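There are 2 protein chains.
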Amino acid sequence: MKAVETIPYTLYKGTFIDTPELGELRIRFNCLVGVNQQGVIDFIKEQDQITAKYDWKQYTGRYKHEKEREADIQMFLDNHGRENYFNYIKIEDNKFIFPGFIDTHIHSSQYPNVGIGLNIQLLDWLKIYTFPLENSFKMDNLQLVNDIYTKIIKKTLGCGTTCASYFTTIDNETSKIFGDLLLSFGQRGFVGKVCMNHNDDYPEYQQEEKHCVEDIKHLKQYFDSKNPDNEDLVKPIITPRFAPVCSRSLLTKLGKLSQDEKLPIQTHISENKGEIDLVKKLFPECSNYANVYDNHNLLQESTILAHAIHLSKEECKLIKEKNCSISHCPTSNTFIASGEAPVKKYLYHDKINVSLGTDISGGWDPSILSIIRQSILVSHHLSMKSGNNFDKLSLNDGLFMSTQGGAIAVGLQETIGTFDIGKRFDSQVIDLQTGNLDLFHWQLVNDDDNNDDKKLKMLNLLNKWVFCGDDRNCSSVFVNGRKVVSK
Amino acid sequence: MKAVETIPYTLYKGTFIDTPELGELRIRFNCLVGVNQQGVIDFIKEQDQITAKYDWKQYTGRYKHEKEREADIQMFLDNHGRENYFNYIKIEDNKFIFPGFIDTHIHSSQYPNVGIGLNIQLLDWLKIYTFPLENSFKMDNLQLVNDIYTKIIKKTLGCGTTCASYFTTIDNETSKIFGDLLLSFGQRGFVGKVCMNHNDDYPEYQQEEKHCVEDIKHLKQYFDSKNPDNEDLVKPIITPRFAPVCSRSLLTKLGKLSQDEKLPIQTHISENKGEIDLVKKLFPECSNYANVYDNHNLLQESTILAHAIHLSKEECKLIKEKNCSISHCPTSNTFIASGEAPVKKYLYHDKINVSLGTDISGGWDPSILSIIRQSILVSHHLSMKSGNNFDKLSLNDGLFMSTQGGAIAVGLQETIGTFDIGKRFDSQVIDLQTGNLDLFHWQLVNDDDNNDDKKLKMLNLLNKWVFCGDDRNCSSVFVNGRKVVSK
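Read top to bottom, the protein sequences are chains A and B. Those letters in the first sequence? Residues 31 to 517, by the numbering used here. Those letters in the second sequence? Residues 31 to 517, by the numbering used here.
Worth flagging that the hints you see were computed from the coordinates, not collected in a lab. Accuracy of the hints is not assured; some may be wrong.
Note that identical chains are pooled: a pair holds if it fits in a single copy or bridges any two copies.
Within a straight-line C-alpha distance of at most 30 angstroms, the following computed BS3-like cross-link-like pairs (lysine-lysine) qualify [as the list claims (entries may be wrong)]: (1) Lys32 with Lys168; (2) Lys168 with Lys484; (3) Lys422 with Lys352; (4) Lys422 with Lys157; (5) Lys292 with Lys250.
Since the structure is predicted, the reported quantities are computational estimates derived from the model, not experimental observations.
Looking at chain A on its own, in the form it has when it is part of the complex:
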């Protein structure tokens, strides 16, 4: 079990890249970061703060690295006075450390269906592909459950996803197993046991209202007892599937439960026009889809609204007022032709926080790196439709949504998402010289480059990473200071 492994105090040295604010990219070369035994970033020293004593240019090859290491460690001991055991990990040039990706919308149980179901619209898609598969998650089907849940966690971790907000199924016992597997592989995760108490399309897959609420309380106790000390690695998240399969009474109870138990919320909103019409018919007393959730106290600062493609002006205003986050799922929205969410507008005009979701299995790709790419491409399609360049998302926008935007969405903006003192060390080491990418010598950062050249090269490399890279470039992954993937 990864989550109980002790964490040695570790010094990481190399290029750190993150996005502290929307649109802002921070690149820190030759940065020394100390991560303590709780997995928390203890100090950060940038290049100019630590290189004064040594002119490293005079050293070459292995010897230079030894001198660098020696200087780093001396500086650490001078300033921190520690003599305990600690690790020193040097991330080589042309590799960099990026925050772990945060996937804010993913159905772990649907993983086998990725890539299947092209050309079928949302409501039919649920009936034909989704509900039958989800309904097979039961304790008498443990081999299947373990197989699917293990594969999706290993796959997303290998793609650099250190934290995800999952939908499992309505079944609570196998949702517990899913949480156990998260702890076992060491991924930070929210377990969204699905709540739905009516389902005309597939009546065998629904659950009584009271069981929904009891199950979530039970999950909370279960994970509280399982998490390592002071680390809420695995947590339940209240998950009304979406308004059309929940009664008013269930929605009310779930809203109350969120406040009583201080639990976050996730659900779907405005994915498809047929779905929006259905909600209007089912909740005639509500002015719009967002209002259905608000009426039942489900729009909280900790609420993740997945898709949010066709929001009205009033809905955007309400979502901003309540400080909810959107999970944008571009692959899914294009695959099942649900629409193109106006993300740039949400971010810069409505000032709503937007994060990214793979939406397995509406989306075919478990990698958030691919989702960044597709979010940019979908925004280009929007821009070609509107004739307005404003609609285009930048690379920095995509990188922000995949990390700090995700951290805000899951309520962990003070805990993960960037490299800052006091945050937990969830990160991935990116190596662009492995895998599928071909780089050329003049594209690589080297010691002779001045800082501006280095930054320009690094920007081009980041573009190449997002467009031409894949899981092969993610060479190791850390969650809470623990190495959970090493390739």
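Chain A is already provided as a structure; the job is to place chain B on it using the hints.
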């Protein structure tokens, strides 16, 4: 040098999948295909034609495979009376053989720029990124030339591209080197030494008219002398870059050269609205962009028109009349926001042949598998804009464009593109159980499935391949019967 290796007579046994007609998918399980010493498909026996004598169900494991092999070889000897040396290659269950991909638009010299240049429009993009790089392809820069050309050929071959129509640069000597490398790695290819005799944006990168024509004649002689007997593996293709950088006189000479030397043609058309306006200004005597090429006899049956996003009704009619092909480049068109080509309309309404191009480096991805995926996704965006489901491309449409559609575009529809007797064996073996894809046991084809179940499973697996697969699933590649990639 791959291209001169002798080809042993080989029996291939396994699942063959191809697209003989637009929209039609042909899946042949347990199919036996003989490929002769010229790399030509000699015979094809489908399952029911060869299994009569043996009830394989009674055999299991290794023994079964031996019996199968024995029966195949006996059948071969009975019917073909050969006793010479031959190979027998069994493609295991859940692998399949697909025709090699044909990339009908790719700039080999631009490979280093993939993934870079987001958010810059076509004409600026050429000036900032493309022309300076292309201009460095000279004989005094051989290391760079070899590095780039080697990497792009190896990369595309590894992605299953067995044939490509390349743009190199205006430099003829290094274009010869590119052709040599194609022969050396064994890829079938068209070498498009670029013709452009004026270039206001980057004046140092252009060439006098007479040299353009001489160079192409010289290239033809050069490759004629280098190709193996009876195998036109490498051939020049007449390549006026696009109308804005070619004089009327150059265009006329290139049109004539194509007819005199029986050489195919490739160029760009209607990629970007700024470009279309420029062409209108430069050629006021022509009724539209396509008419510029037609006026100079450049619209032939062997002409590939890349992009073709914003064609008028008249242009579509003209292109159909002349039987030209379009090379659709969806990644490029979205990346630099050029537009969304109405491919479904071209294919089914205008009856124009459409093939696929990676358009390295306007497109970021050297894999035609990714281009199939993106062609479908772009068609979904078009469909969401038009509200018309008709606009959506199917998986079969994409697979056709990537193989037989490409073969028609390069004028080799009788030679490659499908598995039929008399065609040359350009193919890739796809293994979905390696690489990045997670499959589950119930998704795999097995002996107990009836033929309908097998086909349904195979359709889902093809969907998974196109959406979730990558180069890792391409386990070996054959060009003209020679194995050129083995992973």
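Each hint, compared with the structure:
Taking the shortest Cα distances, lysine 32 and lysine 168 sit within 30 angstroms of each other inside one copy (25 angstroms), while across copies they are farther apart (55 angstroms). For a Cα distance limit of 30 angstroms, the shortest separation of lysine 168 from lysine 484 across copies, 28 angstroms, qualifies, whereas the shortest one inside one copy, 53 angstroms, does not. Only within a single protomer do lysine 422 and lysine 352 lie at most 30 angstroms apart by alpha-carbon distance; the minimum there is 26 angstroms, versus 38 angstroms between protomers. For the identical chains of this complex, lysine 422 and lysine 157 are inter-copy neighbours only, at 22 angstroms across copies versus 34 angstroms inside a copy, given an alpha-carbon limit of 30 angstroms.
Taking the shortest alpha-carbon separations for lysine 292 and lysine 250, only the intra-copy value of 11 angstroms comes in at or below 30 angstroms, while the best inter-copy value is 75 angstroms.
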